[in-house]
Amino acid sequence: MTVVHSAAGQHTLRERNLALVAQEIFGSKDPLSRAALAVRTGLTRATVSSLVDLLVDAHIVAELDPVFSRKAGRPAVPLTPARGTYFGIGLEVNVSYLGGVIHDLTGTAYHRILLPGDFHGSDPATVLEKLAAVTTELITTATASELRPTHSTPIITGAHLALPGLVDPNNATLRIAPNLGWADLDPVDTTPISAAVTAATGQHTNVRIGNEANYGALAAKEQANLNTFIYVSGEVGIGSAIILDHTLFLGRRGWSGELGHVTIDPTGPQCSCGSRGCLEQYAGLDAMLTAAQLDTSAGITGLVTALEQGNPHAHDAVQRAATALGRALSGYANLLDIHMFVLGGIYADLYPHIVTTVTESLRHQVLSAPWADFDILPGTLGSGAAMLGAAYEAVRTVYTHPSPWISPDA
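Residue numbers (the working numbering): 183 to 592.
Everything labelled a hint here was simulated from the structure, so no lab data went into it. Mixed in with the good hints, there may be bad ones.
20 angstroms max Cα-Cα, derived EDC-like pairs, lysine to aspartate or glutamate [claimed, not checked]:
no., residue 1, residue 2
1, Lys312, Asp368
2, Lys211, Glu404
3, Lys312, Asp300
4, Lys312, Asp371
5, Lys211, Asp427
6, Lys211, Glu245
7, Lys211, Asp247
Derived DEER-like restraints, expressed as beta-carbon distance ranges [what the hints assert, rightly or not]:
no., residue 1, residue 2, range
8, Ala307, Gln491, 33 to 43 angstroms
9, Thr538, His583, 39 to 49 angstroms
10, Arg222, His495, 49 to 59 angstroms
11, Ser457, Leu202, 42 to 52 angstroms
12, Thr288, Val221, 18 to 28 angstroms
Idealized CB from N, CA, C, for every residue including glycine.
Generate the whole structure from the sequences, applying the supplied hints.
Here you go:
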């Protein structure tokens, strides 16, 4: 039987192979040659060479200097992600700050902005205008950077906005962010940001809204190459995200990970979500500061200083928070059989003061504890981890789906 391949089928096959080759290059720790790519992908050397040429011509992949060997034949040309050609923008609004970062395909951050503020009960339109100004500064700085090759025009692949609340992944709409006081924020509302991109580059880009803990987990995964873990994002509110086998688990509606609203005591303090005794009321930043008899304006720096000075109220508040956090994480471990936790946000700052108590809670409350080790790791990305993960997601589409970035005449 003769099989006739349609033009559409061949086009789809090329798209798949392009993505396969690009992802091998971007996923490798060391630069790969065309010959190595042929071995890894199972494609012929001629096919690989043709696909690589397309990626190089589109400035997605760059060729390094040839490597000569003692064997006969042509020298190998190592291939690596191109620098300074495509850029993703990550933006974030949290209760105590907003900011953004811009980076390229290599993961190099060209500029980062973090602006402290009080955004509880803030007006979304006003905050989005501030983010538009942040976006303009990010693009201007990246465009003028000496790290960029002078022959290429910077292409903004997208902007992702990280928010601390429930986001519907089907339409990227924020349903509710209790600690900001925001609800029903639609991507259409982010027009000031997309307009800033157009004004700076002449390009149109979409702005996608996502959950800040999910973005923080993706950043931690990229940075430390972790496989399966629970990421915990601590600020005034508390979020979490689940990474299973390198993949973000979202749940049926994309709303998994609301750790801050796990009930610790049903008769406990009233929470902004409308419930009582949520974890945030014990282990959120404002809750800890209040319990430590410190003003909430002291922030995490003031709380850590009080701990280092031996303040007994601060000590008791933080230990109460660590006990509650350990109790909540024990539920995760019992349900999901995950024993690695990355503590981000304020918990990275508090890590030396809470890790023992959190670990002890896990050991006492997780059924499998006698036969399993717990890895409780501090986040290393600081405040703004979510914006970094958002930038990763904004730019990774170039190598996961490279065809739209290839010239149609190629």
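Results of checking the hints against the structure:
Only pairs whose Cα atoms come within 20 angstroms are accepted, and Lys312 paired with Asp368 is accepted, the gap being roughly 17 angstroms. Proposed proximity of Lys211 and Glu404 is supported: the alpha carbons are some 12 angstroms apart, at most 20 angstroms. Distance restraint check for Lys312 and Asp300: the Cα-Cα separation of roughly 13 angstroms lies within the 20 angstroms cut-off, and the hinted pair is therefore satisfied. Restraint check for Lys312 and Asp371: the C-alpha separation of about 13 angstroms stays at or below 20 angstroms, so the hint holds.
Simply put, Lys211 and Asp427 have alpha-carbon atoms about 18 angstroms apart, close enough for the 20 angstroms limit, and the pair holds. Distance check on the hinted pair: Lys211 and Glu245 sit about 15 angstroms apart at the alpha-carbon level, within 20 angstroms; holds. At most 20 angstroms may separate the alpha-carbon atoms for a hinted pair to count; Lys211 and Asp247 meet this at roughly 17 angstroms. A hinted range of 33 to 43 angstroms for the beta carbons of Ala307 and Gln491 is consistent with their spacing of about 42 angstroms.
In this structure the hint that Thr538 and His583 lie 39 to 49 angstroms apart at CB holds, the actual value being about 45 angstroms. Distance hint for Arg222 and His495: a CB-CB separation of about 58 angstroms, consistent with the stated range 49 to 59 angstroms. Range check, Ser457 to Leu202: about 47 angstroms between beta-carbon atoms, so the 42 to 52 angstroms window is met. One distance hint, 18 to 28 angstroms for the beta-carbon pair Thr288 and Val221, holds here, with the actual separation near 24 angstroms.
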